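**Student:** Given next are the chains, with one letter for each unit.
Protein chains: 2
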Amino acid sequence: MLVELKNNPFSGRGIVMGIINDNKYSHRIVTKTAKLSGLDGSVLKNTEVVVQQTRHKFLFGCAQFDAIPYVNNEFKGEEKERAEQRFDKFIDLFNYATLPFYWAFYESVKGQPMIKETKKAAEWLVSNGLLLKGHTLCWHTITAPWLLDMTNEEILMAQMKRINRDVSEFEGLIDIWDAINEVVIMPVFDKYDNGITRICKELGRIKLVSKVFSEAKKANPSATLLINDFNTSESYAILLEGLIEAGVPIDAIGIQSHMHQGYWGVEKTLEVLERFSRFNLPLHFTENTLVSGQLIPPEIEDLNDYQVKEWPSTVAGEDRQAREVISHYKTLLANPKVESITWWDFADGAWLGAPSGFITVDNRVKPAYDELHKLIKGEWWLKPTKYMTNENGEITISGFFGDYEVSCQGKRIGFTFDSSNDTVKLKI
Amino acid sequence: MLVELKNNPFSGRGIVMGIINDNKYSHRIVTKTAKLSGLDGSVLKNTEVVVQQTRHKFLFGCAQFDAIPYVNNEFKGEEKERAEQRFDKFIDLFNYATLPFYWAFYESVKGQPMIKETKKAAEWLVSNGLLLKGHTLCWHTITAPWLLDMTNEEILMAQMKRINRDVSEFEGLIDIWDAINEVVIMPVFDKYDNGITRICKELGRIKLVSKVFSEAKKANPSATLLINDFNTSESYAILLEGLIEAGVPIDAIGIQSHMHQGYWGVEKTLEVLERFSRFNLPLHFTENTLVSGQLIPPEIEDLNDYQVKEWPSTVAGEDRQAREVISHYKTLLANPKVESITWWDFADGAWLGAPSGFITVDNRVKPAYDELHKLIKGEWWLKPTKYMTNENGEITISGFFGDYEVSCQGKRIGFTFDSSNDTVKLKI
Numbered sequence: 001m002l003v004e005l006k007n008n009p010f011s012g013r014g015i016v017m018g019i020i021n022d023n024k025y026s027h028r029i030v031t032k033t034a035k036l037s038g039l040d041g042s043v044l045k046n047t048e049v050v051v052q053q054t055r056h057k058f059l060f061g062c063a064q065f066d067a068i069p070y071v072n073n074e075f076k077g078e079e080k081e082r083a084e085q086r087f088d089k090f091i092d093l094f095n096y097a098t099l100p101f102y103w104a105f106y107e108s109v110k111g112q113p114m115i116k117e118t119k120k121a122a123e124w125l126v127s128n129g130l131l132l133k134g135h136t137l138c139w140h141t142i143t144a145p146w147l148l149d150m151t152n153e154e155i156l157m158a159q160m161k162r163i164n165r166d167v168s169e170f171e172g173l174i175d176i177w178d179a180i181n182e183v184v185i186m187p188v189f190d191k192y193d194n195g196i197t198r199i200c201k202e203l204g205r206i207k208l209v210s211k212v213f214s215e216a217k218k219a220n221p222s223a224t225l226l227i228n229d230f231n232t233s234e235s236y237a238i239l240l241e242g243l244i245e246a247g248v249p250i251d252a253i254g255i256q257s258h259m260h261q262g263y264w265g266v267e268k269t270l271e272v273l274e275r276f277s278r279f280n281l282p283l284h285f286t287e288n289t290l291v292s293g294q295l296i297p298p299e300i301e302d303l304n305d306y307q308v309k310e311w312p313s314t315v316a317g318e319d320r321q322a323r324e325v326i327s328h329y330k331t332l333l334a335n336p337k338v339e340s341i342t343w344w345d346f347a348d349g350a351w352l353g354a355p356s357g358f359i360t361v362d363n364r365v366k367p368a369y370d371e372l373h374k375l376i377k378g379e380w381w382l383k384p385t386k387y388m389t390n391e392n393g394e395i396t397i398s399g400f401f402g403d404y405e406v407s408c409q410g411k412r413i414g415f416t417f418d419s420s421n422d423t424v425k426l427k428i
Numbered sequence: 001m002l003v004e005l006k007n008n009p010f011s012g013r014g015i016v017m018g019i020i021n022d023n024k025y026s027h028r029i030v031t032k033t034a035k036l037s038g039l040d041g042s043v044l045k046n047t048e049v050v051v052q053q054t055r056h057k058f059l060f061g062c063a064q065f066d067a068i069p070y071v072n073n074e075f076k077g078e079e080k081e082r083a084e085q086r087f088d089k090f091i092d093l094f095n096y097a098t099l100p101f102y103w104a105f106y107e108s109v110k111g112q113p114m115i116k117e118t119k120k121a122a123e124w125l126v127s128n129g130l131l132l133k134g135h136t137l138c139w140h141t142i143t144a145p146w147l148l149d150m151t152n153e154e155i156l157m158a159q160m161k162r163i164n165r166d167v168s169e170f171e172g173l174i175d176i177w178d179a180i181n182e183v184v185i186m187p188v189f190d191k192y193d194n195g196i197t198r199i200c201k202e203l204g205r206i207k208l209v210s211k212v213f214s215e216a217k218k219a220n221p222s223a224t225l226l227i228n229d230f231n232t233s234e235s236y237a238i239l240l241e242g243l244i245e246a247g248v249p250i251d252a253i254g255i256q257s258h259m260h261q262g263y264w265g266v267e268k269t270l271e272v273l274e275r276f277s278r279f280n281l282p283l284h285f286t287e288n289t290l291v292s293g294q295l296i297p298p299e300i301e302d303l304n305d306y307q308v309k310e311w312p313s314t315v316a317g318e319d320r321q322a323r324e325v326i327s328h329y330k331t332l333l334a335n336p337k338v339e340s341i342t343w344w345d346f347a348d349g350a351w352l353g354a355p356s357g358f359i360t361v362d363n364r365v366k367p368a369y370d371e372l373h374k375l376i377k378g379e380w381w382l383k384p385t386k387y388m389t390n391e392n393g394e395i396t397i398s399g400f401f402g403d404y405e406v407s408c409q410g411k412r413i414g415f416t417f418d419s420s421n422d423t424v425k426l427k428i
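Going line by line, the protein sequences match chains A and X.
Here the UniProt record's numbering is used: position 206 in the first sequence is 206, and no number is missing along the way.
Here the UniProt record's numbering is used: position 159 in the second sequence is 159, and no number is missing along the way.
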């Protein structure tokens, strides 16, 4: 796809041509004509304007659990400062964040959910331009321990009530949910007894998922609901087939890729993409991890079993992480079904204490962050770029789907780049 | 379960008490009172009668592919004699046989199915007291090669037509079918291109299985239809859940256990039984293999890849096979959901040339055959046994579900042992 930008002598050719010459991402890029006129309708011909991208349509996300203690004043002094530095870096790179709703923490005492605290964090993140996802409404791990005292019927009722309550409470703030997590293993999970495995065993996977989705849709009919799993084998594909045949309204397929044991590589990633692309549903890569230190040995089956006192980030590890991050994001972006990639976690030392962040524990920015920034806000982004309108007041712009802004003579107006080829008419 | 057989001074206490003392099989055993009278209604009191079992309700089966060339006079001279010796042994042990319907062989030339030859074999086997199963109506392996020249729509039509034709043709002779085989891998099977993988990929597993079952039911509404797989993992369980939720009328779950790489052992067998018992459907162990020679190395993933010139049966291997056969059959019989066990194959040198038979290539009967015979027609069987009726003409008998015969004063009458406890009234 090569578009001759003949009317744009001042365009940032390097950037734009870079994007549109790369067929890999053609499904994410559109070339559009914008016709500019003044508020009085006069054609804005032969005029210099500046266009810039303000937002990606693609969801570049990251787990964001610190926001809750931060906005609820749990961080003090230096800790608070470090958190603020991290937020600045976070907001500069991402347009999407995953907020925790782990039932064991969110409602550790039955009837006392952390609605207020979580809502405060959600509002703050939204005010910083982030779209939010809630993680997760139903999961056998980190679930409410008090479910164990209930009958299966009561557990199911509590689970439905919880879904209805939280999805309703956060409507407008959080309209994307990991509705249910890790269903492939859910009924046969045998590490410890828990309420969710009990009801999944009794109802079966399909009936439980169906109930979870239907309750969440009832609470917020316009919510985007994901099923999410770390199992990327044919088992998950077979489960999805059963769910789809049963009419469960899955809006997107969530795929975890915690690569603590080493980068999948392009070949495995393409295999996974092929396996799940056939459902013709959006794919969300919900939990992406590449560590910048020691890899977890291959013989460890459950990552939670890897317990180390120290897990440092190393120079060689950070170099490897950066290279793998580039490869991973490029491979995923090249598949038209992928609509979201969420990094897990932003800073080192979170889940498993792993050096999985883009930032070290002492807030040093790693090469992976810089390299990803060069893609998301560089190669795949239209920085402020001068254009000259033609005799008809038109400019032709190419860019990734998303939000853009044109400014001219001290005035500015926003517009959206989607897949249509219609001319954008802008009065400025 | 201990029943005092006080009225039966002549009963074969050893045998009957052996059975009924063993709780493991209590779900397969019933204790019943039979009341005997003469044809004129007179009570047959204090009379000696002989009772014997004539058939197991449980399906003890085996693959039986030789019957087709045999009844169609393809065996001559010594080969024919050896086949006859094998049939004698076969019929003495089994009440159930699996006949081949591999599409590639059954209809190698489109429009010329081996109906006549196969029907002749089926009739002969039925006349020898065997219940029959057809294997298989839809499978990506050994399928008709001429499907490759068709569009997917045409392949599906040919598949449906084939099902309808063969299930209708054999109604009354064959009313049990492995309707579809190895669906877990079917759409992702990538060893070679074939028509069935093509349509399974396009339709999805659930839609294809649904169509296959519905066509077979249409052709023979009272047929017992199985789905059958070698994949005994949670993937198969998830597929079954999807099929059941989609309303596919599965009559029994078929589980293959080709143990060429070594006996599963009791623990794995119990795991598999637990995994599939939860569907509350009959379980048929459709393809059971334990070799009496070298095991296939664990690194071989597809058994078909193990190609050896000679694969001899050894003394140590035959001893091991016999012990494992006993353990395998006992483990399976102990589970109430299991209704059938089919051995694969009867004689050595069939699939893969493996020493998987109960009989060697030169017709020597292996210890496994004798040991299994001691169970099926010994421990689990009521041999001719004398009983004495009481004052009311009653005898009390315990035995495995199945068909029995009582004889008295040169006359004989058959009756069936099922799970009911009703008194059997017999006029003799």
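Accuracy of the hints is not assured; some may be wrong.
[Claimed, not checked] Quick list of in silico lysine-lysine cross-link-like pairs, DSSO-like style, CA-CA up to 27 Å:
hint, chain 1, residue 1, chain 2, residue 2
1, X, K57, A, K201
2, A, K337, X, K207
3, X, K57, A, K207
4, X, K201, A, K207
5, X, K24, A, K201
6, X, K207, A, K207
7, A, K337, X, K201
8, X, K268, A, K191
9, A, K211, X, K24
10, X, K201, A, K24
11, X, K45, X, K24
12, A, K201, X, K35
[To be verified] The following label-pair restraints were derived from C-beta to C-beta distances:
hint, chain 1, residue 1, chain 2, residue 2, range
13, A, E171, X, E301, 56 to 62 Å
14, A, D302, X, G353, 51 to 57 Å
15, A, N392, X, Y192, 56 to 62 Å
16, X, K57, A, Q307, 51 to 57 Å
17, X, E301, A, V365, 42 to 48 Å
18, X, Y192, A, K201, 35 to 41 Å
19, X, I91, A, D190, 56 to 62 Å
20, X, E301, A, N128, 46 to 52 Å
21, A, I115, X, N280, 55 to 61 Å
22, A, W351, X, P249, 56 to 62 Å
23, X, E301, A, L295, 21 to 27 Å
24, X, R364, A, V308, 56 to 62 Å
Because the hints were derived from the structure by calculation, they are not lab data.
These numbers were taken from a predicted model, which means no experiment stands behind them.
Positions of the beta carbon are idealized from the N, C-alpha and C atoms, including for glycine.
**Student:** So, for every hint listed, does it hold in this structure?
**Tutor:** Right, here's what the structure says about each hint:
{"no.": "1", "hint": "X:K57 with A:K201", "in the structure": "violated, 32 Å"}
{"no.": "2", "hint": "A:K337 with X:K207", "in the structure": "holds, 23 Å"}
{"no.": "3", "hint": "X:K57 with A:K207", "in the structure": "violated, 35 Å"}
{"no.": "4", "hint": "X:K201 with A:K207", "in the structure": "holds, 25 Å"}
{"no.": "5", "hint": "X:K24 with A:K201", "in the structure": "holds, 26 Å"}
{"no.": "6", "hint": "X:K207 with A:K207", "in the structure": "holds, 19 Å"}
{"no.": "7", "hint": "A:K337 with X:K201", "in the structure": "holds, 19 Å"}
{"no.": "8", "hint": "X:K268 with A:K191", "in the structure": "holds, 18 Å"}
{"no.": "9", "hint": "A:K211 with X:K24", "in the structure": "violated, 39 Å"}
{"no.": "10", "hint": "X:K201 with A:K24", "in the structure": "holds, 26 Å"}
{"no.": "11", "hint": "X:K45 with X:K24", "in the structure": "violated, 34 Å"}
{"no.": "12", "hint": "A:K201 with X:K35", "in the structure": "violated, 47 Å"}
{"no.": "13", "hint": "A:E171 with X:E301: 56 to 62 Å", "in the structure": "violated, 49 Å"}
{"no.": "14", "hint": "A:D302 with X:G353: 51 to 57 Å", "in the structure": "violated, 41 Å"}
{"no.": "15", "hint": "A:N392 with X:Y192: 56 to 62 Å", "in the structure": "holds, 59 Å"}
{"no.": "16", "hint": "X:K57 with A:Q307: 51 to 57 Å", "in the structure": "holds, 54 Å"}
{"no.": "17", "hint": "X:E301 with A:V365: 42 to 48 Å", "in the structure": "holds, 45 Å"}
{"no.": "18", "hint": "X:Y192 with A:K201: 35 to 41 Å", "in the structure": "holds, 39 Å"}
{"no.": "19", "hint": "X:I91 with A:D190: 56 to 62 Å", "in the structure": "violated, 45 Å"}
{"no.": "20", "hint": "X:E301 with A:N128: 46 to 52 Å", "in the structure": "holds, 51 Å"}
{"no.": "21", "hint": "A:I115 with X:N280: 55 to 61 Å", "in the structure": "violated, 41 Å"}
{"no.": "22", "hint": "A:W351 with X:P249: 56 to 62 Å", "in the structure": "violated, 45 Å"}
{"no.": "23", "hint": "X:E301 with A:L295: 21 to 27 Å", "in the structure": "holds, 26 Å"}
{"no.": "24", "hint": "X:R364 with A:V308: 56 to 62 Å", "in the structure": "holds, 60 Å"}
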